[in-house]
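> Given only the sequences and the hints, what does the whole structure look like? Please build it.
Residue strings, one per chain:
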Amino acid sequence: MVRKLFLTLAAAASALAISGAAWADITILVPSGSEGDGLRAAAADYAKMKGTKVETVQAPYANVFEQGANAGATKSGIFDIVLMDDPWIPFFAENGHLEDLTPFFKNAGMEGPDNDFLSKSLAICRNPYNSGPYVCLPYVGNAQMFFYDAAKYKEAGVDAPKTWDDVLKASKTLTEGGGGRYFGYVFRGGQGNPVVADFMPIFWSYGADLFNADRTKVTIDTPEGAAAMKMFMALRDVSPKGVESYNANEVGTALAAGTSASSINWPNWVATFEDPSQSKMVGKISYGPIPAGTKPGSSEIGHWTMGIMSASKNKQEAFDFMLWATSPEQIKISAERGNPPVRASVFTDPELTKQEKFRHYPVLMEAIQASTPRPRHPKWPEIENAFGIELSKAVAGTITPEEALKNAQAAVEQITGLK
Amino acid sequence: MLKSANDGTLTAQSPPGGPLERWAERHLRYLMLAPTVLILLALTIFPSLYMFYAAVHKISPNPDLPWEFVGPGNFARLLSDAQFHVALRNTVVFTVVAVAVEFLLGLGLALLLDKFIRRLTFLKTVLMIPMMLPPIAVAITWKLIYEPQFGVLNEIMYRLGLPLQAWAGDVNLAMFSIIVADVWQWTPFIFLLMLAGLASLPVEPYEAAALDGASSWRQFWDLTLPFLKPVIAIALLLRVMDALRLFDLVFILTGGGPADRTKVLSLYIYQVAYRFADPGYAAAISLFVLFVTIILSTWFMKRMRLAD
Numbered sequence: 001m002v003r004k005l006f007l008t009l010a011a012a013a014s015a016l017a018i019s020g021a022a023w024a025d026i027t028i029l030v031p032s033g034s035e036g037d038g039l040r041a042a043a044a045d046y047a048k049m050k051g052t053k054v055e056t057v058q059a060p061y062a063n064v065f066e067q068g069a070n071a072g073a074t075k076s077g078i079f080d081i082v083l084m085d086d087p088w089i090p091f092f093a094e095n096g097h098l099e100d101l102t103p104f105f106k107n108a109g110m111e112g113p114d115n116d117f118l119s120k121s122l123a124i125c126r127n128p129y130n131s132g133p134y135v136c137l138p139y140v141g142n143a144q145m146f147f148y149d150a151a152k153y154k155e156a157g158v159d160a161p162k163t164w165d166d167v168l169k170a171s172k173t174l175t176e177g178g179g180g181r182y183f184g185y186v187f188r189g190g191q192g193n194p195v196v197a198d199f200m201p202i203f204w205s206y207g208a209d210l211f212n213a214d215r216t217k218v219t220i221d222t223p224e225g226a227a228a229m230k231m232f233m234a235l236r237d238v239s240p241k242g243v244e245s246y247n248a249n250e251v252g253t254a255l256a257a258g259t260s261a262s263s264i265n266w267p268n269w270v271a272t273f274e275d276p277s278q279s280k281m282v283g284k285i286s287y288g289p290i291p292a293g294t295k296p297g298s299s300e301i302g303h304w305t306m307g308i309m310s311a312s313k314n315k316q317e318a319f320d321f322m323l324w325a326t327s328p329e330q331i332k333i334s335a336e337r338g339n340p341p342v343r344a345s346v347f348t349d350p351e352l353t354k355q356e357k358f359r360h361y362p363v364l365m366e367a368i369q370a371s372t373p374r375p376r377h378p379k380w381p382e383i384e385n386a387f388g389i390e391l392s393k394a395v396a397g398t399i400t401p402e403e404a405l406k407n408a409q410a411a412v413e414q415i416t417g418l419k
Numbered sequence: 420m421l422k423s424a425n426d427g428t429l430t431a432q433s434p435p436g437g438p439l440e441r442w443a444e445r446h447l448r449y450l451m452l453a454p455t456v457l458i459l460l461a462l463t464i465f466p467s468l469y470m471f472y473a474a475v476h477k478i479s480p481n482p483d484l485p486w487e488f489v490g491p492g493n494f495a496r497l498l499s500d501a502q503f504h505v506a507l508r509n510t511v512v513f514t515v516v517a518v519a520v521e522f523l524l525g526l527g528l529a530l531l532l533d534k535f536i537r538r539l540t541f542l543k544t545v546l547m548i549p550m551m552l553p554p555i556a557v558a559i560t561w562k563l564i565y566e567p568q569f570g571v572l573n574e575i576m577y578r579l580g581l582p583l584q585a586w587a588g589d590v591n592l593a594m595f596s597i598i599v600a601d602v603w604q605w606t607p608f609i610f611l612l613m614l615a616g617l618a619s620l621p622v623e624p625y626e627a628a629a630l631d632g633a634s635s636w637r638q639f640w641d642l643t644l645p646f647l648k649p650v651i652a653i654a655l656l657l658r659v660m661d662a663l664r665l666f667d668l669v670f671i672l673t674g675g676g677p678a679d680r681t682k683v684l685s686l687y688i689y690q691v692a693y694r695f696a697d698p699g700y701a702a703a704i705s706l707f708v709l710f711v712t713i714i715l716s717t718w719f720m721k722r723m724r725l726a727d
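The listed protein sequences derive, respectively, from chains A and B. If you count the first sequence from 1, position 249 lands on 249 in this note's numbering, and the numbers rise without skipping. If you count the second sequence from 1, position 42 lands on 461 in this note's numbering, and the numbers rise without skipping.
Accuracy of the hints is not assured; some may be wrong.
Stated by the list, open to error - Some chain A residues close to chain B (C-beta under 7 Å, calculated; not the full set): (1) Glu66; (2) Lys75; (3) Lys241; (4) Thr259; (5) Ile389; (6) Asn407; (7) Gln409.
As the list claims (entries may be wrong) - Distance ranges between label pairs, derived from CB positions: (8) Asn249(A) x Ser634(B): 52 to 62 Å; (9) Thr74(A) x Leu452(B): 27 to 37 Å; (10) Asp500(B) x Ser345(A): 48 to 58 Å; (11) Asp500(B) x Met233(A): 21 to 31 Å; (12) Lys477(B) x Asn212(A): 24 to 34 Å; (13) Asp237(A) x Asp500(B): 27 to 37 Å.
Unchecked claim - Derived pair list, reagent style EDC-like, types lysine to aspartate or glutamate, alpha-carbon separation capped at 20 Å: (14) Lys332(A) x Asp45(A); (15) Lys332(A) x Asp116(A); (16) Lys280(A) x Glu356(A); (17) Lys241(A) x Asp483(B); (18) Lys75(A) x Asp483(B); (19) Lys295(A) x Asp221(A); (20) Lys241(A) x Asp589(B); (21) Lys53(A) x Glu402(A); (22) Lys295(A) x Asp320(A); (23) Lys354(A) x Glu317(A); (24) Lys477(B) x Glu94(A); (25) Lys230(A) x Glu403(A); (26) Lys379(A) x Glu487(B); (27) Lys313(A) x Asp483(B); (28) Lys75(A) x Glu329(A); (29) Lys75(A) x Glu487(B); (30) Lys419(A) x Asp589(B); (31) Lys379(A) x Asp483(B); (32) Lys154(A) x Glu176(A); (33) Lys406(A) x Asp500(B); (34) Lys50(A) x Glu329(A); (35) Lys169(A) x Asp159(A); (36) Lys357(A) x Asp37(A); (37) Lys295(A) x Glu366(A); (38) Lys419(A) x Asp221(A); (39) Lys315(A) x Glu111(A); (40) Lys379(A) x Asp500(B).
Derived by calculation from the structure, the hints in this document are not laboratory data. The structure displayed is predicted, hence computed values, not measured ones. Just so it is clear, CB atoms sit at the ideal spot from N, CA and C, and this is done for glycine as well.
In structure tokens, the structure reads:
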């Protein structure tokens, strides 16, 4: 009897698990980490308020792309909304996985998103960039900033680093005096996305870019690229041993534990650094704009954006949720939950800016407005992988920086078919 | 059906019941096989054929675009794909070194502990723990051990006054670090198989050899190894097939880096299929791995005369 009951319950539980997503009014695919946690919490609030069932499926960063791409390619309709990292937008949009939001705005009596959103936050949600129709709405306003321990930098003779030369000077002094246990700089040197993300701001600040302006030529192996690479290698030499395998967690831990003085980092780490239960550096880390090279510094933008999957069967419900979740009130709640905002009114809200944990908001808002998107190309994941392999080899010292640039140029030319 | 007649002779008679029952009786052997064949078709034959079909097509991530037939094009790409060559080389290095070390350690430990461990069930259970752990847990444990700034290994190095290492993050140590973790996890498997093999050895040949004055080494070389040959062959075959599919340790510990030093075929197939959204080419690489594995296993089984 008990065995029979157990088997019936097991069968029912399996059936529920398999079809769980299908029972929801809206199903959202989100990444793990603070971005996904924030949207999950918002979805729970929405479900309570509207009496609808909102299901959130959470996956690690790379798996969100894979699951979204798979759902799009198979037209499964399993996800209604996907929370995307902005460089994925061209892939999703140009392969027909994302819904054009124009008709939904029209139905709602709107021309498009309101002007309270930062212009750079909106520009990435259009495909092509800043000119095409909206295919998503911005939710998390990530853009890189420069994080540094101001007291240590001062000890090393640099007040506030304005250029990469300042960073190198302070870092060299700090690493030399660190006895192999303290370092002036740290970065994500792990192969692929990590090393590319931490190299791009340096690359841009020396006037280099992956493509020329009209996207007809690959421009990695140039004198500007070489200058950026030279600085990158110099920074590697003052970073901890093993930095060639570092990702966000290792860099975050090094800063929070006070074993490295500075790095490029993302704003969602601020909450960790200002939390006494996770950080030895509460109140000690300063947040500045990306330093300049031969050109002004520019952050890499890394917004998390919500798009509706073309195969969704609940598109209107999904759009209504997105509109609600990106309203000023909800973006403010999201900010309080630790996610950087995408609206000017939230960035300048005195209720937030008077709090110590939001002291980086003016710098972040400026960083977003001065940011650069990663090259908008449907083959970006493959380009990033190829570029990341060569950068990783250079960081590990298995090839020279010159060879890395030359190889990366050839690899990206082959992937894109450009010369 | 055979039935005894009144005169004692056996005569054939059709089975009792309706036509359906008679049909079922006639085809019973096929009906008994049907579930197995259906499962085999659904789980092995169909996916394999589908993979082959995918391997000769260029598949766009856009579902509205048709699959483009490219014939052997995806296989031809294998010849010029530098990343594939790197992954192939790394896979071979990993498989040869890891399996060899695991085999030597497993056999050595089994020979050393054979006499003692038979009574120590608890020790056997402890030795089995690494291979009972989920691979992801093993990978995360070793990631924490290897962590350059806070890992236990560098803490020991620091306290001993030795230079700190980046371990999985160092181009020269990354593959070594992966192999060490794999050896830690899978040596007990070889050890247990060898132990079982040693336990089943006949006693008489050893007694005869001892009477003839054969040394321990001679006994090991001329008796133990030949007797253990089938067990060794099975152990090596299983480990080689598993090592060729290595994924989890590399995915967690290094992601294929640094500088592509630990990129193995399974990781590359995963990247091509899911990161670069090129399932046709991923299917071609998978078929290549399948082909190599089948050839290797067949050759190995013939060589070790396992097929008999």
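> The structure should be examined with respect to each hint, and the outcome stated for every one.
Structure-based check of each hint:
Given the 7 Å rule on beta carbons, the hint for Glu66(A) holds: about 4 Å separates it from the nearest Cβ of chain B. A least Cβ separation of about 5 Å between Lys75(A) and chain B falls short of the 7 Å threshold, and the interface hint therefore holds. A hinted interface residue such as Lys241(A) counts as satisfied when its beta carbon comes closer than 7 Å to some beta carbon of chain B; here the least separation is about 5 Å, so the hint holds. Restraint check, Thr259(A) versus chain B: the minimum CB separation of about 6 Å is within 7 Å; hint holds.
About 5 Å separates the beta-carbon of Ile389(A) from the nearest beta-carbon of chain B, less than 7 Å, and the hint is met. Restraint check, Asn407(A) versus chain B: the minimum CB separation of about 9 Å is more than 7 Å; hint violated. The restraint placing Gln409(A) at the interface with chain B is violated, with a minimum CB-CB distance near 15 Å, outside the 7 Å limit. A hinted range of 52 to 62 Å for the beta carbons of Asn249(A) and Ser634(B) is consistent with their spacing of about 56 Å.
A hinted range of 27 to 37 Å holds for the C-beta pair Thr74(A) and Leu452(B), which are about 33 Å apart. A beta carbon spacing of about 51 Å between Asp500(B) and Ser345(A) agrees with the range 48 to 58 Å that was offered as a hint. Checked against the given bound of 21 to 31 Å, the beta carbons of Asp500(B) and Met233(A), roughly 28 Å apart, stay inside it. For the pair Lys477(B) and Asn212(A), the beta carbons lie near 28 Å from each other, so the given range of 24 to 34 Å is met.
Between Asp237(A) and Asp500(B) the beta carbons are some 33 Å apart, a value that agrees with the proposed interval 27 to 37 Å. For the proposed pair Lys332(A) and Asp45(A), the alpha carbon gap of about 14 Å is at most 20 Å, so the pair holds. Taking the CA atoms of Lys332(A) and Asp116(A), the gap is about 13 Å. The hint holds against a cut of 20 Å. For a cut-off of 20 Å, the pair hint linking Lys280(A) to Glu356(A) stands: about 16 Å separates their Cα positions.
Among the hinted pairs, Lys241(A) with Asp483(B) is inconsistent with the structure: their alpha-carbon atoms are about 48 Å apart, more than 20 Å. Restraint check: the Cα-Cα separation between Lys75(A) and Asp483(B) comes to about 10 Å, which is no more than 20 Å; the hinted pair holds. A threshold of 20 Å between alpha carbons decides the hint, and for Lys295(A) with Asp221(A) the separation of about 18 Å falls inside it, so the pair holds. Note on Lys241(A) and Asp589(B): the hinted pairing holds, with a Cα-Cα distance of about 8 Å set against a maximum of 20 Å.
Taken as a hint, the Lys53(A) and Glu402(A) pair is broken in the structure, with Cα atoms around 55 Å apart against an allowance of 20 Å. At most 20 Å may separate the alpha-carbon atoms for a hinted pair to count; Lys295(A) and Asp320(A) exceed this at roughly 42 Å. Taking the CA atoms of Lys354(A) and Glu317(A), the gap is about 36 Å. The hint is violated against a cut of 20 Å. Between Lys477(B) and Glu94(A) the CA atoms are separated by roughly 17 Å; this keeps the pair inside 20 Å, and the hint holds.
This hinted pair checks out: Lys230(A) and Glu403(A) have alpha carbons roughly 12 Å apart, not beyond 20 Å. Straight-line distance between C-alpha atoms of Lys379(A) and Glu487(B) comes to about 19 Å, which keeps the hinted pair within the 20 Å bound. Among the hinted pairs, Lys313(A) with Asp483(B) is consistent with the structure: their alpha-carbon atoms are about 18 Å apart, no more than 20 Å. A threshold of 20 Å between alpha carbons decides the hint, and for Lys75(A) with Glu329(A) the separation of about 34 Å lies outside it, so the pair is violated.
Proximity of Lys75(A) to Glu487(B) is assessed by CA-CA distance (about 19 Å); at most 20 Å being required, the pair is judged to hold. This hinted pair does not check out: Lys419(A) and Asp589(B) have alpha carbons roughly 34 Å apart, beyond 20 Å. Taking the CA atoms of Lys379(A) and Asp483(B), the gap is near 18 Å; set against the 20 Å cutoff, the hint holds. Between Lys154(A) and Glu176(A) the alpha-carbon distance is near 15 Å, which keeps this suggested pair within the 20 Å criterion.
Distance restraint check for Lys406(A) and Asp500(B): the Cα-Cα separation of roughly 17 Å lies within the 20 Å cut-off, and the hinted pair is therefore satisfied. Taking the CA atoms of Lys50(A) and Glu329(A), the gap is about 16 Å. The hint holds against a cut of 20 Å. Annotation: proposed proximity of Lys169(A) to Asp159(A) holds, straight-line Cα distance about 11 Å (limit 20 Å). For the hint linking Lys357(A) to Asp37(A), the alpha-carbon distance of about 19 Å falls within 20 Å, and the restraint holds.
Between the alpha carbons of Lys295(A) and Glu366(A) the distance comes to roughly 17 Å, so the proposed pair stays at or under 20 Å and holds. A distance of roughly 12 Å separates the Cα atoms of Lys419(A) and Asp221(A); the hinted pair therefore holds under the 20 Å criterion. Under the criterion of a C-alpha separation no larger than 20 Å, the hint pairing Lys315(A) with Glu111(A) is consistent with the structure, at around 18 Å. A hinted pair counts as satisfied when its Cα atoms are at most 20 Å apart, and Lys379(A) with Asp500(B) qualifies at roughly 17 Å.
In the structure shown, a violation is registered for the earlier hints numbered 6, 7, 17, 21, 22, 23, 28, 30, in ascending order.
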